[in-house]
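Protein chains in written order, with the working numbering: chain X, 21 to 377; chain Y, 21 to 377; chain D, 21 to 377; chain P, 21 to 377.
The set of hints was computed from the structure by calculation and includes no laboratory data. Take these hints with a grain of salt, some might be off.
Copies of the same chain look alike in the list, so a pair counts if it fits in one copy or across any two.
[Claimed, not checked] The calculated lysine-lysine pairs, modelled on DSSO-like cross-linking and capped at a C-alpha distance of 27 Å, are:
id : residue 1 : residue 2
1  : K247      : K118
2  : K160      : K225
3  : K103      : K118
4  : K118      : K104
5  : K247      : K333
6  : K118      : K333
7  : K308      : K118
8  : K201      : K167
Number of protein chains: 4
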Amino acid sequence: MKLKRITVVLILSWLIFQAGAQPVRNELLVPDIDGYHTLKCDFHIHTVFSDGDVWPLTRVSEAWREGLDAIAITDHLEYNPHKKYIPISHEAPYEIAKESAQQAGIILIKGTEITKSMPPGHFNALFIDQATPVHNDDYKQALREAKAQGAFILWNHPGWKAQAPDGPKWMDEHQELFDEKLFHGIEVANYNEWYPEVLDWAGDKNLTIFSNSDIHEPMSDYLLQNKTDRRPITLVFSRERTSESIHEALLAGRTAGWFREYLFAREEILNQLLEESIDVSITGRNEKNITYKIRNLTDLVFNMHFPVAGSDKFLPGRSSILITLPAKENHDQVTFGNLLSRSGKPVVAQLSSLMKP
Amino acid sequence: MKLKRITVVLILSWLIFQAGAQPVRNELLVPDIDGYHTLKCDFHIHTVFSDGDVWPLTRVSEAWREGLDAIAITDHLEYNPHKKYIPISHEAPYEIAKESAQQAGIILIKGTEITKSMPPGHFNALFIDQATPVHNDDYKQALREAKAQGAFILWNHPGWKAQAPDGPKWMDEHQELFDEKLFHGIEVANYNEWYPEVLDWAGDKNLTIFSNSDIHEPMSDYLLQNKTDRRPITLVFSRERTSESIHEALLAGRTAGWFREYLFAREEILNQLLEESIDVSITGRNEKNITYKIRNLTDLVFNMHFPVAGSDKFLPGRSSILITLPAKENHDQVTFGNLLSRSGKPVVAQLSSLMKP
Amino acid sequence: MKLKRITVVLILSWLIFQAGAQPVRNELLVPDIDGYHTLKCDFHIHTVFSDGDVWPLTRVSEAWREGLDAIAITDHLEYNPHKKYIPISHEAPYEIAKESAQQAGIILIKGTEITKSMPPGHFNALFIDQATPVHNDDYKQALREAKAQGAFILWNHPGWKAQAPDGPKWMDEHQELFDEKLFHGIEVANYNEWYPEVLDWAGDKNLTIFSNSDIHEPMSDYLLQNKTDRRPITLVFSRERTSESIHEALLAGRTAGWFREYLFAREEILNQLLEESIDVSITGRNEKNITYKIRNLTDLVFNMHFPVAGSDKFLPGRSSILITLPAKENHDQVTFGNLLSRSGKPVVAQLSSLMKP
Amino acid sequence: MKLKRITVVLILSWLIFQAGAQPVRNELLVPDIDGYHTLKCDFHIHTVFSDGDVWPLTRVSEAWREGLDAIAITDHLEYNPHKKYIPISHEAPYEIAKESAQQAGIILIKGTEITKSMPPGHFNALFIDQATPVHNDDYKQALREAKAQGAFILWNHPGWKAQAPDGPKWMDEHQELFDEKLFHGIEVANYNEWYPEVLDWAGDKNLTIFSNSDIHEPMSDYLLQNKTDRRPITLVFSRERTSESIHEALLAGRTAGWFREYLFAREEILNQLLEESIDVSITGRNEKNITYKIRNLTDLVFNMHFPVAGSDKFLPGRSSILITLPAKENHDQVTFGNLLSRSGKPVVAQLSSLMKP
């Protein structure tokens, strides 16, 4: 009886603790484009319920702290190294995390990872109702079940060394799945790597681009270890801040992969992000030269290559640079080396076209 | 002759180096208010031309890098410890720095520091034409000469321990100068300290509030030593980005002192800065409690005290917090402990009044 | 069958990953004293097996990375908020972590937390064989069982606000347990706080001093949130690098609590740590003054108060300072404000006595 | 008269300020070798007396703060862009800095930079008596004068792009100077670059190796801009902590260039530094594999390449790593990629030979 009282007291104080528990949220400054909300999302996350190291609630706290708008926990269906201690439960992570996510205003999307050897490799099914029925030895049956539930499906880390030692390969199996519309998206970036070939596939085959963390350890460990401030993020250009709107945007391919300094997206999306991020003005001019101030008030960064040798510039987030260029025709053409619509195709723009009227 | 050629080559390569020399500028995110531009300024800076450690050009680079809009170099007229090596030249710092400032879009205001023992202490004269004539053993004559040149004059560090060991004192000499309108502003914050009494003086006597660095060493040394990202800054709410507009704003008292986490200003200015900086929304509600998300996309910070004990929150720049408050009357009253119009008078507001429609 | 093969491949690649998985270990520089090894330990750690957020293996990685020599995982016996998903298993954390700890050369001590309401509060039992039998509604029976297993027992966070809102209190219940020798140590520091009164108790009652993390979240989160590089650590002065030697040292009271800048220990231990850490030399001298260089090549820090007003100095790890003192008698007496044998009793020493011959 | 008093008060308070002015010194942990003191030195530094940005005293403070033992201020003889404001004075920097250096225990070596176009480029003369007589339009005469004063002379930044756009070249002019013994050392590293060919020259021609900062701006700016904690340093292995001993060591070629992660030195010096820095022990062993712990308690770092593919490791300062290697012959051979005696010749050692007995 005494124990009961203690437990109640403990649980109460724990709940009270939880109430104020969310740490400070670092807001990421990324502009909205073209009437859409730009949502910061991570659609590939693990917990102790497969081979991850943390409890599902920690994933919500991390997402809040890092300024994310939506996440999907996607534990492996087939790989459960903790099962000696944690009975297999594919629905548990979502169940545990959903209330906390709601309180923090994080959109929690139910997902799972279908984990097969290559071919065809690993796939995430998002917006599912139940993960358990998706578990199937036959990968096609698994994907079909996910699709039957209305899932959005993406092919994960097609270039993961352990499964693709010679680089990503589009095999017959992938073509079959693609033809049957059993996946619609693909990870161009995953954890600490990105795959140039896969960016081209996305363009060729009209696949939705993803950049996901595939995090297993505590996220702070990843950030410290990789000396970065930010996990891989999928920017979703969404009509509203809802799960349904995100689903619609993924189907329409309105995403950008944000990985380290890179942005991977369709050309028109990159152009809009650029326009909304950068502000150019002229601060000096004589017969020979023009000096430009280029200002970026967002958290995006820009690698700028100018026609004049030796004048490349890196423009970090929330900062400005000065650049002096010869006052000749086409002198002000800039190649943004980190904005890629295809592996060899950076965004090119005129500084003058980025001047606000 | 050979030497000449060498020198020319050297000077040329040096100039070329200078052309692209400005480092990246970190932009400070502070909202404009009420139709005014919010300019970030520092009106108290030293160089090797008095007892500072650096060349005037370095002060321009630092200002650019730290996101400032305007600076005044204010070397001591009376104190010249380097004179054995550097002939006294009160006009030199401005002369040396002006072109570089112009190229970087930094407004360089000509100034000087009238450096007397207490009373009356040190005064900065801003917007002067010539510093040399201001040098006068009689402090009143010095201030009158500055005024005759149209200077804006402020009393520097009234609480500096070396001159005011028992705290800032408004002496007869200060009253005389004030009555003769020989100064119009006062430093509430200087270097690494601020003076609560002086904030009250500013309110009582309608003096323009300043927060200046009084920097002598390289600014990076100050930042590292004081474990801060930002020097003391005077925010000026200016009609245009010109020297004249800044002068007009100083005369009108439209400034705020930004020192560490503090903002010192007239109440209406603090309220406007708060409104433009903070965005409140409700993310959860039941009979007992309401949960608010408070978002701040600026580089200002906010120390928030809520009526419920133990629920104080610190809201850093570019971040959000969640706070759950009881759903009672006046439950949502917040005291912003770091926004001070007088020494004991923080801004108080209702969360509901900070919600955007 | 296919699945089996996949699983085997996955497990193999996972194990290979694990083999090289330990990150870089940051070595903490703390001197050995008096023929003992100075071991850095944390005897209070949680995992998902009670109310912690991470898998036990993560605790080993963290300890390795942070330069620890020994840890005890001490999940709550009575508080199991994850039990809906993780069947209660008090032996699991040790079982899971032991091999990894051995490979990393971390001494893993089996422990558990006896979790009662106040009085008497929470107690850690270390060096136990089996945690399960210690679980008992009657706290005395629980402690007796632990003692019967040869446990070293300490009273945890006696000043924890939730249980001691008016500060730590030594109640009759504690006296009874103490008289029956049912605990031998006490936490002077826990998580992000320390208790001055408890340091005095330790001196009065000859209790072994502990400074433990009581970590629940990922350790990187704690470090980032608390803006510190180091968790609370119990320094153990141990004959050998073995579990048995640590046990002997705890019984003999040869520990120091290392919390933020503080060291809590018996006076003779503090004196020895000081002597082994600090090196003083004279770099200048005239009739009036002597200038000393004080060098500290360890990761300990020292808050030094000198008899001359305004001359206090902070000596960080791996650094030196210069101090000029008047050449008078007893001029060189230093109070080390952060080395405490009792709450009001800092170590006092003469600089001259810290000069190496 | 009044002014006089003021000035005296000001100067006094300034001197008092100076007395306690030196900031905290960060001690660099580099082992002594073979009976020599390992002194951290920078022999190439500028001030406002040529084209540098800071006052000479600042160079002493920086050296103290960064843990240096000796510096030479080496302003340009021929290049004086500040001469409109600062009369040319080649002796001033030493004169100004010497007392402050002495108080801080920094060995200040009098030097100057002979600044000619290529060929032969720039040369530093160290341990001179008077800089002014060294100034000579004829570079040979300048070097002969320096030599007559007993100077140690080094060729600066032989690969500086502005003078050697196609890489460093050993021209006839250099051979002549070398034959006449008009220089004895060479910068393998300067500011933010190093020159592989020059390291080979040093080996071939028995030139003393230097790594110098050639700093012009405030050192904190360099460190922030280059995202590094440490300027380029020349390690000197010196019998005593005196100017004379350093001179002797330079003549004997007992130096190492320490630039970012690299150490450039003669093979025997590198081997000794390695042995004194690294401590290897075996923490696990079975038929197939041996696990080693490699510990480094210094501030040097080590890039280690192992025979097994994919097992390269970076060992930062004050840290340890674990590495598991196959238990075969020569399995434990490590290539230390950042310890170079020649451009393509890293140090190779057996882990077993680095085990302490």
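The hints, checked one at a time:
no.: 1; hint: K247 with K118; in the structure: neither (30 Å within a copy, 30 Å between copies)
no.: 2; hint: K160 with K225; in the structure: within (20 Å within a copy, 70 Å between copies)
no.: 3; hint: K103 with K118; in the structure: both (23 Å within a copy, 18 Å between copies)
no.: 4; hint: K118 with K104; in the structure: both (26 Å within a copy, 16 Å between copies)
no.: 5; hint: K247 with K333; in the structure: both (22 Å within a copy, 16 Å between copies)
no.: 6; hint: K118 with K333; in the structure: between (44 Å within a copy, 25 Å between copies)
no.: 7; hint: K308 with K118; in the structure: between (61 Å within a copy, 21 Å between copies)
no.: 8; hint: K201 with K167; in the structure: within (9 Å within a copy, 65 Å between copies)
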